[in-house]
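Asker: Residue-level listing of the chains:
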Amino acid sequence: MSRLQTTFRDLHAAGRKTLLPYVTGGYPDAATTVEILRQIDPQRCACVEIGIPFSDPIADGPVIQTSFSRALEHGFRLDGLFDALRAARDQIAVPLLAMVSYSIVYRRDPRHFVEIAQAAGFDGLIVPDLAIEEADDLAAIGRERGFPLVMMVAPTTDETRRRRIAAISEPFIYYQALAGVTGERSALPPDLVQHVQQLRAETGKPICVGFGIATAAHVQAVCAVADGAIVGSAIVRRMNESVDRGDSPPAIARVVAGFIRELAAALP
Amino acid sequence: MPQTPTDATAPAGRFGPFGGQYVPEVLMGALRQLEQEYERAKGDRAFWAGLNDYLKQYAGRPSPLYFARRLTEQLAGAKVYLKREDLNHTGAHKINNTLGQVLLAKRMGKRRVIAETGAGQHGVATATACAMLGLECAVYMGAEDVRRQALNVYRMRLLGAQCIPVESGQRTLKDAINEALRDWMASVEHTHYCIGSVMGPHPFPTIVRDFQAVIGRETKEQMHAAEGRLPDVILACVGGGSNAAGIFYPFIGEKAVRLIGVEAAGEGLDGSRHAATLARGRPGVLHGMLTYVLQDDDGQTLPVHSVSAGLDYPGVGPEHAFWHSTGRVEYASATDAEALDAFELLSRLEGIIPALEPAHAIAYAAKLVPTLPRDRIVVLNLSGRGDKDCIEVARLRGAT
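The listed protein sequences derive, respectively, from chains H and P. So in this note's numbering, spot 50 of the first sequence is number 50, and the numbers just go up one at a time. So in this note's numbering, spot 324 of the second sequence is number 1324, and the numbers just go up one at a time.
I should point out that these hints are in silico values taken from the structure, not numbers from a laboratory. Keep in mind the model is a prediction, meaning the values are calculated, not measured. Each residue gets a CB set at the ideal place from its N, CA and C atoms; glycine is no exception. Be careful, since some hints might not be right.
If the Cβ cut is set under 10 angstroms, some of the chain H residues that face chain P in the computed set are [claimed, not checked]:
1) 54
2) 62
3) 65
4) 78
5) 90
6) 91
7) 155
8) 157
9) 161
10) 176
11) 179
12) 257
13) 259
14) 265
15) 268
Which residues of chain P face chain H? A few of them, derived with a C-beta cut under 8 angstroms, are [what the hints assert, rightly or not]:
16) 1024
17) 1028
18) 1029
19) 1182
20) 1185
21) 1284
22) 1285
23) 1286
24) 1295
25) 1299
26) 1371
27) 1372
28) 1375
A short list of chain P residues far from chain H (calculated; beta carbon distances all over 12 angstroms) [as the list claims (entries may be wrong)]:
29) 1023
30) 1154
31) 1174
32) 1337
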């Protein structure tokens, strides 16, 4: 069983809730990513999602798109980020999930991608543009190598698909709170609680909720029904603003880590 | 009279290894719904009768197959026929697909239709079908293309559609597709995404090909009437590849007919400023499909270039990738400069101003036709008219 699976099994067994922060990898540079990860408390955050910058992120709203296009303009390369993470492995306590487009995974060849991601210190993978129809190979490679593939369920997913997704998603199911792209929303969808409870009843797997979760109050509300809350755009917006101000990597990391602590304080 | 397409694509929407559905889970329900509705519509005579009636009475089909006498004399080789898709209502082949898809959207009870557009022809054709059938319409268009194709922007707005400039990425067709997909993820319950080419996730490549195959079926009949036989060569330009798929598809089983797709070589295949995906790309995943793409070693989409906004795309329909891999269709290319010369050549010799997209096919014909014997017949799919390009060509030629 992988480190990530153990973490979620223990959390679930203890009924403890967690925060999953998302940060754009290699933004504005790999050193900043490492600095942020060093400051994250694994007691509060079961893992961190590292978004891999991509030229055509169809599931992302303007905030994450901006971070991706800036990272790419500044010469982001996959190997540069992976090398930096590998070199800093001993300094990073929190497990890492790569959130990456299948365009990138396919280009590097799925098996090879999993190998280099593991070598860089990643513990698992989320591929937001890979539906179950195309996911079997990657899930099989993940099982073979102890590198779980987290699958997403959307409000538009019917029961048959929910069960199929739950069968391969490890170690938790990513429930997308709303139909749409990533981005901050002022309120949580009214049907969220009901959807999460239904998914839990059907699958019995840990469930983490993302998309539109932006504040400490949202985190608290989500964790009343789910195992974890995923916060992306609200964090990346602060990264964008910090970069706009011309902050140094340690200063950007302080901003991000500070906001993550603020969100984590809302965990029950 | 167009017939109901009869053959079925492989269940998973694959053309050999190409195609598939690489999209976020949130869209899978809508793709399944579309697939099922299309399966039902496909076997429904009333649907095809309705569509064929619109194609005839509204779009002006069948489009003529015109013998280009002066072009033939000038090139001094094979006889050249032009399949006049430029004479369709709205000025291009795009209306064949949008009438079909907007009728499907109505069958599914969707009240809103979105589209992406490059040159603006698909945007205008979608806006037109929506105006006529009474659906709300929004069209995403790269800001760079909004500049290049101002006339079509005005036409879409006149037709009651919202035309939304896209400022992200390279601000061209690929970015318009990204933005349309993002809209669809939030609006999927009441909105249909009317994709403009034989691309994207299954079932779009199959649906668009089937709606465009009317071009090839008519060509076959008209060629029999004119010459009593099949043509020797069929030429069509390829961006996403819908006009080419439409004219090629009914001839795929006719092994004696050479099928040639012409990609945009931009400023030349040796540099990076081109859009020749099959010539210079490799298999990869983009916009929901596994196909040939222009990507770097990290899977990032490379910038592409063509003088023609409709060919300025770093991917290609997955069935073209398949035909390329099996060798059934040959793929060639023409540069910006060659296409601009061809734009002027056809205007002067035949009194037909072609769109810059099929001007690439004309440019290739100008090289190929003189090498063929005089008893050979070449059909060129003249996929659209060039009014939309006149201002941009005049600017490029220094005439303004």
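Asker: Confirm or reject each hint.
Answerer: Here is what the structure says about each hint:
1. The criterion of a C-beta within 10 angstroms of any C-beta in chain P is met by residue 54 of chain H, whose closest approach is roughly 7 angstroms, and the hint holds.
2. Satisfaction of the interface hint for residue 62 of chain H is found here, the shortest Cβ-Cβ separation to chain P being roughly 8 angstroms, below the 10 angstroms cut-off.
3. At about 6 angstroms, the closest approach between the beta carbon of residue 65 of chain H and any beta carbon in chain P falls short of 10 angstroms, and the interface hint on this residue holds.
4. The interface hint given for residue 78 of chain H holds, since its Cβ lies 5 angstroms from the closest Cβ of chain P, which is under the 10 angstroms cut-off.
5. Look at residue 90 of chain H: its Cβ only gets to about 26 angstroms from chain P, farther than 10 angstroms, so that hint breaks.
6. Evaluation of the residue 91 of chain H hint against chain P yields a violated restraint, the C-beta minimum of about 25 angstroms exceeding 10 angstroms.
7. Interface hint status for residue 155 of chain H: upheld, as the beta-carbon distance to the closest one in chain P is roughly 8 angstroms, under 10 angstroms.
8. Proximity of residue 157 of chain H to chain P holds as hinted, the smallest CB-CB distance being about 6 angstroms (cut-off 10 angstroms).
9. Checking residue 161 of chain H against chain P by beta carbon gives a least distance of about 7 angstroms; that is within 10 angstroms, so the hint holds.
10. Interface restraint check for residue 176 of chain H: the shortest CB-CB distance to chain P comes to about 6 angstroms, inside 10 angstroms, so the restraint holds.
11. The beta carbon of residue 179 of chain H comes within 5 angstroms of a beta carbon in chain P, closer than 10 angstroms, and the hint placing it at the interface holds.
12. For residue 257 of chain H, the shortest C-beta to C-beta distance to chain P is roughly 28 angstroms, which exceeds 10 angstroms, and the interface hint is violated.
13. The interface hint given for residue 259 of chain H is broken, as the beta carbon of that residue sits about 25 angstroms from the closest beta carbon of chain P, more than 10 angstroms.
14. The criterion of a C-beta within 10 angstroms of any C-beta in chain P is not met by residue 265 of chain H, whose closest approach is roughly 31 angstroms, and the hint is violated.
15. Restraint check, residue 268 of chain H versus chain P: the minimum CB separation of about 28 angstroms is more than 10 angstroms; hint violated.
16. Interface restraint check: residue 1024 of chain P against chain H, minimum CB-CB distance 5 angstroms, threshold 8 angstroms, status holds.
17. About 5 angstroms separates the beta-carbon of residue 1028 of chain P from the nearest beta-carbon of chain H, less than 8 angstroms, and the hint is met.
18. A least Cβ separation of about 4 angstroms between residue 1029 of chain P and chain H falls short of the 8 angstroms threshold, and the interface hint therefore holds.
19. With its C-beta approaching chain H no nearer than about 5 angstroms, residue 1182 of chain P sits inside the 8 angstroms limit, and its interface hint holds.
20. Look at residue 1185 of chain P: its Cβ gets to within about 5 angstroms of chain H, closer than 8 angstroms, so that hint holds up.
21. For the restraint placing residue 1284 of chain P at the interface with chain H, the shortest Cβ-Cβ distance is roughly 6 angstroms, inside the 8 angstroms limit, so the hint holds.
22. Because the closest C-beta pair between residue 1285 of chain P and chain H is about 5 angstroms apart, less than 8 angstroms, the hint holds.
23. With its C-beta approaching chain H no nearer than about 6 angstroms, residue 1286 of chain P sits inside the 8 angstroms limit, and its interface hint holds.
24. For residue 1295 of chain P, the interface hint holds, the least distance from its beta-carbon to any beta-carbon of chain H being 6 angstroms, beneath 8 angstroms.
25. Below 8 angstroms, beta-carbon pairs count as interface contacts, and residue 1299 of chain P has one with chain H at about 3 angstroms; its hint therefore holds.
26. For residue 1371 of chain P, the interface hint is violated, the least distance from its beta-carbon to any beta-carbon of chain H being 39 angstroms, above 8 angstroms.
27. A least Cβ separation of about 40 angstroms between residue 1372 of chain P and chain H goes past the 8 angstroms threshold, and the interface hint is therefore violated.
28. This hint is violated: residue 1375 of chain P has a C-beta 47 angstroms from the nearest C-beta of chain H, more than the 8 angstroms allowed.
29. For residue 1023 of chain P, the condition that its CB be more than 12 angstroms from all CB atoms of chain H is violated, with the nearest at approximately 6 angstroms.
30. At roughly 27 angstroms from the closest C-beta of chain H, the C-beta of residue 1154 of chain P stays outside 12 angstroms, upholding its exclusion from the interface.
31. The Cβ of residue 1174 of chain P does not lie farther than 12 angstroms from every Cβ of chain H; its closest approach is about 7 angstroms, which violates its non-interface assignment.
32. Every CB of chain H is more than 12 angstroms from the CB of residue 1337 of chain P (nearest about 28 angstroms), matching its label as outside the interface.
Hint violations for this structure: numbers 5, 6, 12, 13, 14, 15, 26, 27, 28, 29 and 31, all remaining hints satisfied.
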